[in-house]
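Chain S is fixed; fit chains A and C onto it per the hints.
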Amino acid sequence: MHDRLSFYYYRDSILHQLNPLTKLVLVFGLMLISFIFPFFWTPHILILVAIIPLIFVGKVKREYLNATIRIILPATMFLFVMQALFQPLGDRELFRIWFLHPTLESTLFAFRNAARVFAIASSFTIFLLTTHPRELMSDLTRRGLPPQIAYVIISTLQILPQMQAKAQTIIAAQRSRGLDTQSSFLKRVGSLVPLVGPLVFGSLVEVEERAIAIEARGFTSTRVKTSLHEIPDTNLDKALRWILIGLVVITIALRIWLS
Amino acid sequence: MNIEIKDLHFTYPTGLEALRGISLSIEPGEQVAIVGQNGAGKTTLVKHLNGLLQPTRGQVLIGDWDTTKYSVAKLASRVGYVFQNPDEQLFSKNVGAEVAFGPRNLGYNGDQAQALVKDALALTELSNKTETNPYDLSATWRKMVAIASIISMDTAIVIFDEPTTGQDAVNIARIANVIAELRKRGKTVITISHDIDFCAENFGRVIAMSQGKILLDGKTNDVLGQEEILTTTYVDPPQLTRLGKRLGFNKTVKNQEEFLAALKK
Amino acid sequence: MAIVNLQNVTYKYPLTDSPALQNINLQVNEGEFVAIIGPNGAGKSTLCYTLAGFVPHFFKGELTGTVEVAGGESHNSSLSEWVLNVGLAFQNPFNQISGAKYTVFEELAFGLENIGIPRQEMKARVEEAMKLTGISDLADRSPYSLSGGQQQRVALTSILVMQPKVLVLDEPTSQMDPIGTREVFGVIRKMAQRGMTVILAEHKVEWIAQFADRVIALKDGQILLDDIPSEVLTSPILPANGFGISRYTSIARKAQEMGLWNKDRLPITLDQAVEGFFNEGRK
Chain S
1 MHDRLSFYYY
11 RDSILHQLNP
21 LTKLVLVFGL
31 MLISFIFPFF
41 WTPHILILVA
51 IIPLIFVGKV
61 KREYLNATIR
71 IILPATMFLF
81 VMQALFQPLG
91 DRELFRIWFL
101 HPTLESTLFA
111 FRNAARVFAI
121 ASSFTIFLLT
131 THPRELMSDL
141 TRRGLPPQIA
151 YVIISTLQIL
161 PQMQAKAQTI
171 IAAQRSRGLD
181 TQSSFLKRVG
191 SLVPLVGPLV
201 FGSLVEVEER
211 AIAIEARGFT
221 STRVKTSLHE
231 IPDTNLDKAL
241 RWILIGLVVI
251 TIALRIWLS
Chain A
1 MNIEIKDLHF
11 TYPTGLEALR
21 GISLSIEPGE
31 QVAIVGQNGA
41 GKTTLVKHLN
51 GLLQPTRGQV
61 LIGDWDTTKY
71 SVAKLASRVG
81 YVFQNPDEQL
91 FSKNVGAEVA
101 FGPRNLGYNG
111 DQAQALVKDA
121 LALTELSNKT
131 ETNPYDLSAT
141 WRKMVAIASI
151 ISMDTAIVIF
161 DEPTTGQDAV
171 NIARIANVIA
181 ELRKRGKTVI
191 TISHDIDFCA
201 ENFGRVIAMS
211 QGKILLDGKT
221 NDVLGQEEIL
231 TTTYVDPPQL
241 TRLGKRLGFN
251 KTVKNQEEFL
261 AALKK
Chain C
1 MAIVNLQNVT
11 YKYPLTDSPA
21 LQNINLQVNE
31 GEFVAIIGPN
41 GAGKSTLCYT
51 LAGFVPHFFK
61 GELTGTVEVA
71 GGESHNSSLS
81 EWVLNVGLAF
91 QNPFNQISGA
101 KYTVFEELAF
111 GLENIGIPRQ
121 EMKARVEEAM
131 KLTGISDLAD
141 RSPYSLSGGQ
151 QQRVALTSIL
161 VMQPKVLVLD
171 EPTSQMDPIG
181 TREVFGVIRK
191 MAQRGMTVIL
201 AEHKVEWIAQ
211 FADRVIALKD
221 GQILLDDIPS
231 EVLTSPILPA
241 NGFGISRYTS
251 IARKAQEMGL
261 WNKDRLPITL
271 DQAVEGFFNE
281 GRK
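From first to last, the protein sequence lines stand for chains S, A and C.
Here my numbering is used: position 257 in the first sequence is 257, and no number is missing along the way.
Here my numbering is used: position 26 in the second sequence is 26, and no number is missing along the way.
Here my numbering is used: position 37 in the third sequence is 37, and no number is missing along the way.
This is chain S alone, in the form it adopts within the complex (with noise of 0.2 angstroms):
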């Protein structure tokens, strides 16, 4: 039983190549444009020029629509609903039922959020599709990010899963001692104790242990590090940062001009 480890998936494509730093770059400069930019459309327009064709650049055309599908489009449309109907703005009343009396204001305001909350759901989805944790956490700690911060993130999300078959064993082994998993509330919420009891008594042990191992592979020698991977970082990506770092500064001031 092989879990996936992460969201990642190998393409062939321009954004797989690209510089993880470019990526992140590229997700934020989305998200602060689609919130700054003063100009009501501007998260609609983004997702259909920027996140969009993205999508098809990435060619995570079906992984992408996947997670639209079960996550980033219901949530949407429900904070889309309900700042609709109970967001009081304005008085151009579209209908009236019981208590609910959304107006004209208030659902163009929510289509808005909606799509803003939509378009930074989706870079990131982009982000995690195209990009191997590994390789970022690999080029952050190159450009200075203590390795010990990339260890714990990198080796949190690979011990993760594990931590989880760990846990379904504690349970059986708790079920097994007469422990009643389907029982009242109350009686579930005192059962939590023999669940995670042992769950982080155990992964004490573990971490000592681990932290020994990596400590015997040099991981607190002050010599400097290298890598096995190369993480190419192009002219292309130092363009691509600096544009949308352009892009985002003019935004800002756009935004305080008008304002």
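Just to be clear, a hint being listed does not mean it is correct.
[As the list claims (entries may be wrong)] Subject to a maximum C-alpha distance of 27 angstroms in a straight line, what follows is the list of computed DSS-like cross-link-like pairs (lysine-lysine):
hint, chain 1, residue 1, chain 2, residue 2
1, C, K263, A, K265
2, S, K225, C, K165
3, A, K219, C, K254
4, A, K74, S, K166
5, C, K254, C, K204
6, C, K254, A, K245
7, C, K131, C, K190
8, A, K219, A, K264
9, A, K118, A, K129
10, C, K219, C, K60
11, C, K254, A, K264
12, C, K254, A, K265
13, A, K265, A, K219
14, A, K251, A, K264
15, A, K251, C, K263
16, A, K129, C, K219
17, C, K12, A, K129
18, A, K264, C, K263
19, S, K59, S, K238
20, A, K251, C, K254
21, C, K123, C, K190
22, A, K47, A, K6
23, A, K47, S, K166
24, C, K190, C, K165
25, S, K225, C, K123
26, A, K245, A, K219
27, A, K47, A, K219
28, S, K225, C, K131
29, A, K245, C, K204
30, C, K263, A, K245
31, A, K69, A, K47
32, A, K69, A, K6
33, C, K254, C, K219
34, A, K93, S, K166
35, A, K219, A, K184
36, C, K12, C, K60
None of these hints come from the bench; they were simulated from the model.
For chains A and C alone, coordinates are given in the frame of chain S:
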């Protein structure tokens, strides 16, 4: 309490067919060792006995209970399961409370539970450690706490999953004593173990499994004598059995007494 | 030439009353294969940690006496430099996987990245080490998808790739099934045959009997015996102190009491036992 397994098939959700038609019955008080390579289906089989797994096809009966009709918590009153890693079940603030967890869950009242706990602690040589936090004990004693926690449930059937892994000779002897005492009390004891010497010296019946099926099932001496079949599931015969064979004994021996008896002849 | 020199070493873990190691005197020559046996709690792990530098640098506590291994002296060295000379592997293969890498190849290179080995040399060392331990076919697999025996071999290889002068192994086969045990001992034996100094703490006496140059019996932090396998593993001190001994030895001892074994030496391997009993039969 009888165990009846009728044409048991089990396929994991991933599609892996782990058990392909297991049928066997175990009488009350039998001591059974299940051996075979990793992936043969030993743990999968044994998890059906307390309901942790439900058959894809076939039936498992614990006494008169069909395991599909009872929860794991209920089956725990008939089948005790000692998991391999004690750190995956220990959580209480002291040994006494830990060992009392099982009996309390089974509905024994305060006094009954205390009596069961006292007995289990005595059996596992833990009587002087009642107030100690289990995690302050060495791995050796944590193993005994885990065993005591199941014995205190006083179930008719007790399952040990790889009880001797990582244990030293002294603790293996302790565990063998526990099993001998359970035998005296008429309990059914089932173990999964890679330690073939341990199996040979403490269990009267051996079941060898391979790829979801039973290869051999019979008295220890009979099974251990079939070296060619055992090799197919990566089971080496016990040391004394091997020695006996090399010396040309006409009977398969499994422990010291039998070896010396055969040697004299 | 002694590559390990421990003199009058006594060690107490922090917040404990009794010492885990008492007055240990131990010299090991380069290329020797030394096995350490003892009941749980005897101090085998502590001794391994001391040889590997984790006592005292990782565990703190009080260490007195001289600890010299592979040219370094414990009190004067840092742990990060010590580990370059002394490799350490232990029981649980899962806890030895860093978790930072997604393939076995990268996992093996992890240590080399940490100590700044250039990329070309890194790849060469990893490939050579994989060939040595027979795991080249696992290079692209995730370390978490492997069997216990495979994981333990990866753990061993990831230490060997650092090219230590001494290899310290703390019960590496305790959690293994018979196949895994065989695989791991295969690797250890190969390393020993190539001249690596190996110090192995183990319970599986039958394997030690076949491969070790020397056996050290440890109990309550003290060395009871230090000699060749045929001397130590047949000594009556072992069963009297709760050590596990090979069933070949114990049956011969019983037979000896009954007058059915008259050789001077008790056997420690199957072949020795067969030879001894056959000769009895001929009389």
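Each hint, compared with the structure:
Between the alpha carbons of K263/C and K265/A the distance comes to roughly 19 angstroms, so the proposed pair stays at or under 27 angstroms and holds. Proximity of K225/S to K165/C is assessed by CA-CA distance (about 22 angstroms); at most 27 angstroms being required, the pair is judged to hold. At most 27 angstroms may separate the alpha-carbon atoms for a hinted pair to count; K219/A and K254/C meet this at roughly 26 angstroms. Between the alpha carbons of K74/A and K166/S the distance comes to roughly 23 angstroms, so the proposed pair stays at or under 27 angstroms and holds.
The straight-line distance between the Cα atoms of K254/C and K204/C is roughly 21 angstroms, inside the 27 angstroms bound, and the hint therefore holds. At most 27 angstroms may separate the alpha-carbon atoms for a hinted pair to count; K254/C and K245/A meet this at roughly 19 angstroms. Taken as a hint, the K131/C and K190/C pair is honoured in the structure, with Cα atoms around 12 angstroms apart against an allowance of 27 angstroms. Of the pairs offered as hints, the one joining K219/A and K264/A holds, with about 23 angstroms between alpha carbons and a cut-off of 27 angstroms not exceeded.
For the suggested pair K118/A and K129/A, the alpha carbons sit about 11 angstroms apart, so the restraint of at most 27 angstroms is met. For a cut-off of 27 angstroms, the pair hint linking K219/C to K60/C stands: about 22 angstroms separates their Cα positions. Proposed proximity of K254/C and K264/A is supported: the alpha carbons are some 12 angstroms apart, at most 27 angstroms. Simply put, K254/C and K265/A have alpha-carbon atoms about 16 angstroms apart, close enough for the 27 angstroms limit, and the pair holds.
With a C-alpha separation of about 23 angstroms, the suggested pairing of K265/A with K219/A holds against the 27 angstroms cut-off. With a CA separation close to 13 angstroms, the supplied pair K251/A and K264/A stays within the 27 angstroms bound. With a CA separation close to 25 angstroms, the supplied pair K251/A and K263/C stays within the 27 angstroms bound. With a C-alpha separation of about 22 angstroms, the suggested pairing of K129/A with K219/C holds against the 27 angstroms cut-off.
Using a Cα cut-off of 27 angstroms, the hinted pair K12/C and K129/A holds, with the two alpha carbons roughly 23 angstroms apart. At roughly 17 angstroms between alpha-carbon atoms, K264/A and K263/C fall within 27 angstroms of each other, so this suggested pair holds. A threshold of 27 angstroms between alpha carbons decides the hint, and for K59/S with K238/S the separation of about 23 angstroms falls inside it, so the pair holds. Pair hint K251/A plus K254/C holds up; C-alpha atoms about 20 angstroms apart against a cutoff of 27 angstroms.
Using a Cα cut-off of 27 angstroms, the hinted pair K123/C and K190/C holds, with the two alpha carbons roughly 22 angstroms apart. Proximity of K47/A to K6/A is assessed by CA-CA distance (about 15 angstroms); at most 27 angstroms being required, the pair is judged to hold. Restraint check: the Cα-Cα separation between K47/A and K166/S comes to about 16 angstroms, which is no more than 27 angstroms; the hinted pair holds. Only pairs whose Cα atoms come within 27 angstroms are accepted, and K190/C paired with K165/C is accepted, the gap being roughly 15 angstroms.
A threshold of 27 angstroms between alpha carbons decides the hint, and for K225/S with K123/C the separation of about 15 angstroms falls inside it, so the pair holds. For the hint linking K245/A to K219/A, the alpha-carbon distance of about 18 angstroms falls within 27 angstroms, and the restraint holds. About 23 angstroms separates the Cα atoms of K47/A and K219/A, which keeps this hinted pair within 27 angstroms; it holds. Only pairs whose Cα atoms come within 27 angstroms are accepted, and K225/S paired with K131/C is accepted, the gap being roughly 25 angstroms.
Restraint check for K245/A and K204/C: satisfied, since their Cα atoms lie roughly 22 angstroms apart, inside the 27 angstroms limit. About 21 angstroms separates the Cα atoms of K263/C and K245/A, which keeps this hinted pair within 27 angstroms; it holds. For the suggested pair K69/A and K47/A, the alpha carbons sit about 15 angstroms apart, so the restraint of at most 27 angstroms is met. About 16 angstroms separates the Cα atoms of K69/A and K6/A, which keeps this hinted pair within 27 angstroms; it holds.
The straight-line distance between the Cα atoms of K254/C and K219/C is roughly 24 angstroms, inside the 27 angstroms bound, and the hint therefore holds. A hinted pair counts as satisfied when its Cα atoms are at most 27 angstroms apart, and K93/A with K166/S qualifies at roughly 21 angstroms. Proximity of K219/A to K184/A is assessed by CA-CA distance (about 19 angstroms); at most 27 angstroms being required, the pair is judged to hold. Restraint check for K12/C and K60/C: satisfied, since their Cα atoms lie roughly 9 angstroms apart, inside the 27 angstroms limit.
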